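Chemist: Quick mapping for you: the protein sequence lines, in order, are chains E and V.
Adding 388 to a residue's 1-based position in the first sequence gives its number in this note's numbering.
Adding 69 to a residue's 1-based position in the second sequence gives its number in this note's numbering.
It should be emphasised that the hints constitute simulated quantities derived from the structure, not laboratory data.
One or more of the hints may lead you astray.
Said to hold, decoys possible - If you want the footprint, here are the derived chain E segments under chain V, 3+ residues with CB under 8 angstroms:
#1 468-482
#2 586-599
#3 684-690
Claimed, not checked - Straight-line C-alpha distance at most 30 angstroms; calculated DSS-like pairs for lysine-lysine:
#4 Lys473(E) with Lys361(V)
#5 Lys824(E) with Lys852(E)
#6 Lys672(E) with Lys591(E)
#7 Lys117(V) with Lys976(E)
#8 Lys584(E) with Lys918(E)
#9 Lys662(E) with Lys746(E)
#10 Lys361(V) with Lys584(E)
#11 Lys527(E) with Lys612(E)
#12 Lys737(E) with Lys591(E)
#13 Lys977(E) with Lys918(E)
#14 Lys918(E) with Lys852(E)
#15 Lys462(V) with Lys312(V)
#16 Lys616(E) with Lys361(V)
#17 Lys591(E) with Lys361(V)
#18 Lys977(E) with Lys993(E)
#19 Lys612(E) with Lys558(E)
#20 Lys809(E) with Lys824(E)
#21 Lys713(E) with Lys614(E)
#22 Lys809(E) with Lys841(E)
#23 Lys612(E) with Lys591(E)
#24 Lys614(E) with Lys361(V)
#25 Lys868(E) with Lys841(E)
#26 Lys672(E) with Lys538(V)
#27 Lys663(E) with Lys612(E)
#28 Lys977(E) with Lys117(V)
#29 Lys841(E) with Lys138(V)
#30 Lys797(E) with Lys616(E)
It should be emphasised that the depicted structure is a prediction, and the values quoted were computed from it without experimental measurement.
We treat Cβ as the ideally placed atom computed from N, Cα and C, and that holds for glycine.
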Amino acid sequence: MMPPSTARRLCFLSLLLLLLLLAAAASATADAAAAEEFTEELLLRPLPDRKALAHFHFRSSAPPASAAGRHHHLFPKAISQLVQKFHISELELSFTQGRWNYEQWGGYDPMSTNNAKPPGVELWAIFDLPLAEIDATWKNLTHTLSGLFCASINFLESSTAFSAPRWGFKLNEGNLRYGALPREAVCTENLTPWLKLLPCRDKAGIASLLYRPSVYKGYYHSQKLKLKSSQSLGIILDQTLTVVLQPNTVSGKQLHSTGGQLQPSWSMEHLFSKKLSGKCLVSKSSRVFVEIEKGIVDNVDKAGSDVSSNNDLFVLSTAPDRSLKELDNLEVQSSSLYEYDVNNYNSDKPLNVGITWKLPLIWSCTRAPYHASRFLMGSGNERGSIAMSFLSTGLDKQLVDSSNDCSIKAVVFQVVPWYVKVYYHSLEVFIDGNSKAISEVVDKIHVTPSEDKLLPGTMEMLLKFPCSMQLATLTLDFDKGFLHIDEYPPDANQGFDIPSALVSFPEFNSSRSYPEADPLFVSPLLENFKEDGVVKSYTEVLLVPLTTPDFSMPYNVITFTCTVLALYFGSLLNALRRRIGEEERGLKKAGILNKRGLIPLLIAKLRGQKVDPSESESTSPASLPRSKLLLKVVFVAVVAIVFHYLSNS
Amino acid sequence: MAEIAGDETPPLPSSSGAEESSLLSSPPSPTAISGDEPPPRTRKPGTKRLVLTASVLLSFLVGLPLLLKSTEIHRSPLPSDAIADLSRRLQSHPPSFPCGLHAVFLRSGPGSPVASLADQLERAISTQHHLLPASSTAGNISVSVTIQSGGGCTSSTAAASPWRCGLLTAADSVRDDEVFDELLHSALGGRDGDGMKVYTIVIAEDDDGKGTRVVIGKHRHAWVVGKVDEAEALSLIGNVFIKYFMNGGIEEGETGIGKGEFMPVGSDGNVVLSFSLLNADPNDWVYDWEFKNIGERILTPVVEALRPVADINIESQVLYHTPKSSYSYSDDKLGGNVLSMGDIPFFVNSNEWHLDTSISATGRSKVLQFVVYIPSARECPLYLQLPDGELSKTNAFISPMWGGVVIWNPPGCSVGSKKAHGTRRQMSSQELMETLEIFIGQLRQLFGLKPNYHAQGMDVATKFLVSEKGFAQWELDLLYRHHACSNLLSCVATLESLSSLVQSLPRMIVMDEIGRQVELSLEAASLAQRNATLGIGDSSAGKFGTHFIAHVRWRL
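Here chain V stands alone, though its shape is the one from the complex (with noise of 0.2 angstroms):
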């Protein structure tokens, strides 16, 4: 409307309010017309005009507050500089656990050790942990030495471990090896306990002629036996202690546990396994087990040696008419159905596997699938072939994050075998544990560890005690370490990512509940860094900023 005015002024007063306002200052004359000269008013403006500008600024001025309230957003303030600042924290100094190494010299020989040894040694030791990698998650490692022989000990000064002087000789090396792990235990003081965590690592020299042997027991401690020099054992204990202590066997390039992957465990800390036999087609066999009496016998243990990383609940089921989603052929040399590697991504069928997600697994718990196959008689025997044309030995493969599965041939099928009709067996105990075994192992690999060792790398032959748990105590150990370091440095990438997002979305309505719980992960954050620093809580600490930071996600 103000153009279409504009439009009606007349185009020969250029309508700029300079020459408007001269306009007004000069004396009426309404005679003149004359010229160029503007034709000047008749009159003064009055005070309407006035009172108009005047009442349009007001009614702006009185609908300015009201605009403003009708358009205002509720954000409750993140604490966005004290998120940067852990992070900062975090990446200038990596969360780090103190650990120890205490070397036990058992010398056959009479007489009492030289004090000043133990101290050499310790220093000798402890010029060797540059080799410690930059991923590990072991901070400052304090080595204590201690030296024993027929006449006594003589420890460092920084022993920090409870060596019980006597109770063990190199003598008893010679000895099975279950049996000097659980003496070599109660020497040690018998304690898997909390905080810190101190490795042993045993020289026994022993002359019998059958070479240097490393064993690494059930507990922190591994122990050499054999006839090595002085230079020899500290490099052995260098490496047995970087190498399997600090990072689980896991060599440069692999992946595994500390290698950028995540733990199959849920932010609230539980994990259910969820064990199912698949019937593939019923109408050939039907198998069901005896899963929870023999299930429930052999995973009590790993449940309860991995309660201090993640809850865990069992569960198990039977299911039938589940073919498998991926083609097999026949292979007359191998006497058998065979399934090649890249046809495992597409094995899992999950139209036909209803595995349930569980009920029981409230919230953001993780469930895993473990999984027996049976295949029909069509498909039976059915291997799994390896890249390199042979077969899977325990024919089975794992999916990270989501489980794992075993194909598990019934006896007496064969290649045309005939169909049973329906016949309902039971899986035999004896391969009900068997493929549970396997199942622990997958366990394994599903957290990052190795299913099994091989003693690569080391130039003496390594041996490895397997615990019943099915993860030995230094492994755990590297589980804590490893799951409250993931655990606090995704807690902070949340933090952060949800710092950015309310800082780059202006509009964004944050609750006060929201507020709320990032400070409260923060402080629970803080908290677990600090005590990971002091090498007190395991992942507890941890375990409670993902889980806060894991409710904020819930509620935006």
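Isolated chain E, as found in the complex (with noise of 0.2 angstroms):
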């Protein structure tokens, strides 16, 4: 009996250590997950119409901790608590100058569907609370936001500018928030708070690069901040600076003038005026990537060589660490990515990529579907219909099959605020010019209707359009409403902006996969590349002109009513004192006496007396009223003095 019971002791034994064993393991990961961790890593890609793409990237994650708000390393502390005060699980808040061109810098890319904000502040959160609590708490965050990031985030507090959308925006239960600030104005005072943010600011590493007048000088400009927590993983914060710039080449001026190249070649230095001289001394890694696009991938595909650093069209004026093959969702290369490790570079050697062309090269990136724009009708100040068009890109040629049945989604949500009342029942659906039955192409709806003052009015909506078609547009009427003066912004007559609509196609989808890189090759950038990401545009913004009232109004009617009162209360007393009989009696004896002084002289004369001229010839009287005309005057004079004096003592 005594093996089976000593084999039974080594295995329970063994157990225990493998326990032990797993146990030691698991407090291991525990600590390396334990750390706070900072990344930053920067984008930069040529883009069709002779600008360049920079996207900065930086995470910071804090490991889900009990003293989280607390106590921190990396991660920045008021977000920390932010995130604990709210109850935050999502959060995204974006600051756009300027509009992104879906045409030209692409529109079937995660940078474009993810990167790519309306123009003016967007924020929108899910929180983790009961649905009763969120409407206060977006209140609280609204307040808390703007005071961080130096903006007017707090218009966002009245319920009129925001909406709880359920499934147009993303989907969710009732706990997402989403407001819009079309005409927030961007600047380095928003960009400030958003660096102190960063452990090394913009002191160190990849931020460094951001020399303000070089940014604030780009066609598009969209700094962004992405909050994810949860009870597992912590909190992610993903900060990222998307920026289109123009070159600022010596090259690039002559361009113009002479046929040369098409593109020009640039470098580090031409985009920021700045070279990177190393990291960012905390960050876990930081790297820097070249992105070449498909078209010119294709194009060195077909100029017959392979595509390196260095090929028949392009040349890389350094060395890339490595180099990357990107796939779509449909497993075909889209494109080439070149990284650098900044690692490797110092203040003694900067980095500073760069891209020289060797031929002009002509290409076109991929778009959306549809391209969908959106627009006003109607003229007047009393009601008008907002249109908003879908033109096929031709991409759809391309991915289906043309047959009869086929079709293709989108989804469309936009917020109207309630003073541009929306008729929801005036939906009128056109396909290629063709006016269609509702029900043959939307396929849900949702609406929320704008409440005077209280709501703002919501669509949400999923429309069908057949594969062949070429133009859909759909029409909405409205009313425009008046506010009270008060209500008005400054510079009224400007317009009012309506925030721009989003469209999303959740057919086709934008994540990209990187089969060659290594499994220990941890980039927090093309994570987000490979997340799952829905084709989305977003419109443009609506100026709509509202009938402004008169403000100088208040001004004319004191200034009417006291003309009445004067007129009034002068003609009466007139009226009162003067006794007309009298008068021209009196004057009829002073003529005779000639002590008439001069104005009622004038005046007799106008009312066409006749004056005797040898009454007035008599001049030895004449000198008493005289006297008494300079007594008058000494005595107006002497009140006015003691008056002037008085009220000023």
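Starting from two chains that each stand alone, build the complex the way the hints lay out.
Modeler: This is the structure we're talking about:
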């Protein structure tokens, strides 16, 4: 009986050991995960319209800990406290200036779907709270963010400014709030607090490239803060800054005149007036990527050379540390990535990646299936209509079989302020110019009508377009409301901005994959690209002119009233005081005695009375009234002086 | 228009009303034009003029209420009389807290002590209280005396302190001070609770020839060991009680508690202690700390001790690229870079040190910043030089109501030390604890207490037992008293200024909400004053008062 028991004991012991080992391993991994981390990355990409795109990506992560919000090493304390205080499970805040050009800069890649944002401020947040408390928390959150980022995000506090979409923006259980301020001006005062959240700010590392004059001179500028928080993962803070810049090259100026290269050759120094001299020392990884788009890659393939950093079409100024192939969701190679590890560069050997074109090249980027745009129709200050058009870009022809019953889905989400009173029943759909029944096109619709001074109108709509369609147009009629005189913003005559509508195509996914990358290579930027990304595009901001009141009206009313009152009392007093019969008699008598002053004389003359010249010639008695007149003048002067003195003292 | 009409009237008959009335009364004689007599009217004035005059008057009368209504301002009535009354009351009777002094004489000799001796000693001690400075927050002091000798105990009539007779003898005083302190604490009932504070001073007669010494314990007691005669004992009792238990050892002319200094406590009673580790230049070296474990462990007793005064939260962060903004110069003799006292006001670099006000500190909480500054390799080691040329022992300074800064020179840094090129290191726990001890000293100073005591002004050797909480019980009493007092005074000052402001601006709108808040805070202030004289609330009532006042301030 002995051997089995020892075997059992051994078995038990080994099990215990295994358990211990496992526990040790688990604690080791927990220790590794318990550290706060920071990574910084930059992606550069030449754009077809002679511009260049720079996408900065900073990720700070904090592990889940009981001390979250109190003790931090790298993670910004303010953000952690924000998450704790408002129970945020997800939040995205973007400040954008300029409009993403979906035609030229791409509409079907992770950059445009995740990082192209509507002009102004956009904020959405998902709360981990009971539904009843969300609105109040949202209001507090807007105030806190507004203080944190020196912006007027607090205008999103009012219930007329935010909405709660259910599925049109992002599928949720009613705990999402969305608000946008299209007219918010974005400038360096918003960037500085954003940079403060980075451990090295712009003192070192990739963020030191952010030379304000060159960043704000760009065509598009979008700074974004995205937060994800959960019990298991802790807090992940992604800060991105996407800028589209015109490379500031000397040869670039000559391009207009000489028929040389179509594309300017540029380097980091041309874009930011700076070179990269080392990483932020506390960052875990610091990388720069150069992305060469599919259009160029195809051209290089056609030219018969290998897509390396030095080929027939272009050459990168610095040899990359690694190159990656990017596949789109259909497993087709889309673009090439060249990676530089900033660790290998320092102030003695700064990194200045650039691209030099060997041959003139024209390419285009991949576009979204439809180009969505929104515009206003109608005239006058009373009513109008909003139209939204979807113009096919021809992408669907390549992707989908044009069989008869094929269709493409599109989701439209738009928020309209209450003073634009949209009549949702007036929705009309035209496909290739022909009016269609709504039921044919609209699959699902969810409308929250606006309430005056209380709620904005929200519309979520799932549309189904036939594949063969070239152009679809949706129209909605609206009436323009009246605001109270106090509710008009400054410069009301400029018009009112309606936030951008969001159009997403749920059947199209812009996620990328990197099959060649080795599994130890962790890049948060590429992780974001790998994430499931439905193709989205924002439409233009609409500018609706509203009836503005005459703002000088109160002043006019006051002046008119005062004039009428003055006339009334003046004439009344005059009528009370004057006795015309006696005056005439007096005048007559005075005329005889020649004791009238100059003004009565004139009046008398005007009235057509005859003034006897012989009477006025007798001068001797006239000296008396003259001295009297003098006395009067002196008296008035003295009274005036005394009054002045008294009133001043 | 009236004036023009006046001009148009003939100058001959003066247009005064009296003459006009005489004109009207004179019989009409259209042909009388001779002489200076004014021409009489041809007919009587009709009713038209009367109607016109009445209409003017009527329209004015109709308009008057409209005018008054349109310019009406809503002013909630403020109880300014009650405020003035409260302020007068506070001025004539400043808030004072009753406390007790209990003297215990431990006699080694046998035999029961005489009862009348205790009463006699009690009277003798009571007469010394005129020494109490006017600025003290202590009110009427009840004195009691207990005499213990081999045979038993005798207490004076007014003995309030529960002295457990025989638990402790004079022989115990030769033991270790810490042990004796705890023994004494248990002999006194072992309570640090609320209610009237009774301070006990034990005179242990012990003739060991080492001389007299005074030890001030962690709780509300002190003891004197040595051979002292009665007169000397009495003067020592008075001295220790007044100087330390009542005034925290702060001499006349020194700044500190009760000398017009405010307590760094937010008006809602919250304080956030924000600890920051600043790496001036991470290119040289990067230091991190294990604040979460060590800091919390050391600071939690302090936080617990101060809870009746303020609700304290602790936060920490590490910041990088934070140079100082004042210049230091290299001093070869001292072997480092030296920062003189005059440069300290410019040391805190508010542009680069984004210490942040805390989001979790809501409303009107106070944030106290405690900063550990790690100099860059170029300026390392960095020392603070006192005005007398000496180097500061702690290498730290405080800024009242803001916080404190400690300059921490990393180990192995000397003039011309090589850059470590961004190596990441950890501040050792020993060093962190030392730094935190300096911070606790700074916190004491910020609250108006002395960072540490030296027995100046006492003619006998004095020793202070240091509590692990950072604050001894009697020091906390001092803080409570002062906090309640200053809260009450600032509450009344705010109410007074509010009432005078409202009175000086007759056209200012006063909301109902504000009127309500003023009444609430007035009530709270009166309650606080009453409680203070009864010795009940430590500071809570006063806290209420200022809380409401802060609210009013905010609403305005």
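Chemist: Determine for every hint whether it applies to the structure shown.
Modeler: Outcome of the hint check:
no. : hint                     : in the structure
1   : 468-482                  : holds (count 4)
2   : 586-599                  : holds (count 5)
3   : 684-690                  : violated (count 0)
4   : Lys473(E) with Lys361(V) : 20 angstroms, holds
5   : Lys824(E) with Lys852(E) : 12 angstroms, holds
6   : Lys672(E) with Lys591(E) : 17 angstroms, holds
7   : Lys117(V) with Lys976(E) : 27 angstroms, holds
8   : Lys584(E) with Lys918(E) : 28 angstroms, holds
9   : Lys662(E) with Lys746(E) : 24 angstroms, holds
10  : Lys361(V) with Lys584(E) : 23 angstroms, holds
11  : Lys527(E) with Lys612(E) : 20 angstroms, holds
12  : Lys737(E) with Lys591(E) : 18 angstroms, holds
13  : Lys977(E) with Lys918(E) : 110 angstroms, violated
14  : Lys918(E) with Lys852(E) : 27 angstroms, holds
15  : Lys462(V) with Lys312(V) : 27 angstroms, holds
16  : Lys616(E) with Lys361(V) : 24 angstroms, holds
17  : Lys591(E) with Lys361(V) : 27 angstroms, holds
18  : Lys977(E) with Lys993(E) : 15 angstroms, holds
19  : Lys612(E) with Lys558(E) : 18 angstroms, holds
20  : Lys809(E) with Lys824(E) : 24 angstroms, holds
21  : Lys713(E) with Lys614(E) : 27 angstroms, holds
22  : Lys809(E) with Lys841(E) : 11 angstroms, holds
23  : Lys612(E) with Lys591(E) : 20 angstroms, holds
24  : Lys614(E) with Lys361(V) : 27 angstroms, holds
25  : Lys868(E) with Lys841(E) : 13 angstroms, holds
26  : Lys672(E) with Lys538(V) : 39 angstroms, violated
27  : Lys663(E) with Lys612(E) : 24 angstroms, holds
28  : Lys977(E) with Lys117(V) : 28 angstroms, holds
29  : Lys841(E) with Lys138(V) : 29 angstroms, holds
30  : Lys797(E) with Lys616(E) : 29 angstroms, holds
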